[in-house]
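Residue numbering for the sequence shown is 1 to 224, as defined by full-length UniProt numbering.
Treat the hints as calculated values from the structure; they're not laboratory data. All figures in this text were calculated on a predicted structure; none of them were measured in a lab. Beta carbons: idealized from backbone N, C-alpha and C, even for Gly. Honestly, I wouldn't trust all of these hints.
To be verified - Now the in silico label distances, taken between C-beta atoms and shown as ranges:
(1) L15 / P204: 35 to 45 Å
(2) H219 / T14: 40 to 50 Å
(3) S56 / N223: 48 to 58 Å
(4) A38 / S83: 16 to 26 Å
(5) A96 / G32: 43 to 53 Å
(6) S83 / G188: 50 to 60 Å
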Amino acid sequence: MPGPTPRQLAREETLRRIKLLALQQLAESGAGELSLRAIARELNIVSSAIYRYFGSRDELITALITDAYNDLAEVLEAAVVGSRRSAQRRWRDLCAALRDWARGEPHRFGLIYGTSIPGYRAPQTTVEPAARVFRAFCRSVAPAVGDQSEVHGRQLRVQLADLAEFAELDIDEPAMLALSAAFGQLIGIVSLELGGHFVGVFEPADDLFAAIVDREADHLGLNS
């Protein structure tokens, strides 16, 4: 099978550089200030040329979001691949991997789990990458989730059943609710840490994070 042509390689390199410059803008000014024209100036190309690669600012943001979800999912998958540790230890490994990635990539974490970007609406194509993160986070420990309280409300039960099916998890609605709540708790605590809300209170936040991780493991019933 023939390899990529020089033209294809050049295009891939330009795409890589555009994304890199976009991430630099993201870190410096936030996603709301992302400018294709400014990136074109950095690349020393006319502003119209950049639209051959991304048709709009929103298209570039979508690419960055998709990359961030997929990169985080790969980190979570790698944290437990082939692991023979107990469910509780796998849970700790997953939580640590999520926090480590977020601390190393705070602006990318904020892009996918932070404040909404003004004027941007994520397209349907971002749903599967987002689900991949949730799936990677839950799949390793889902079978070990202990008995949970009954879920009240027909609509919520249907939503949880649909989520379990979409995430390819063979668990009941109460377990799905418990995992969703635990995931949300961890995203929240990491967001607070990255936002500097623990400065002067829980600094460093390592012990707080470990305590919350263990508390959620208890709530999930991960005793083995």
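Hint check results:
no.	hint	in the structure
1	L15 / P204: 35 to 45 Å	holds, 38 Å
2	H219 / T14: 40 to 50 Å	holds, 48 Å
3	S56 / N223: 48 to 58 Å	holds, 50 Å
4	A38 / S83: 16 to 26 Å	violated, 44 Å
5	A96 / G32: 43 to 53 Å	violated, 31 Å
6	S83 / G188: 50 to 60 Å	violated, 26 Å
Taken one by one, the earlier hints fail for this structure at numbers 4, 5 and 6, listed in ascending order.
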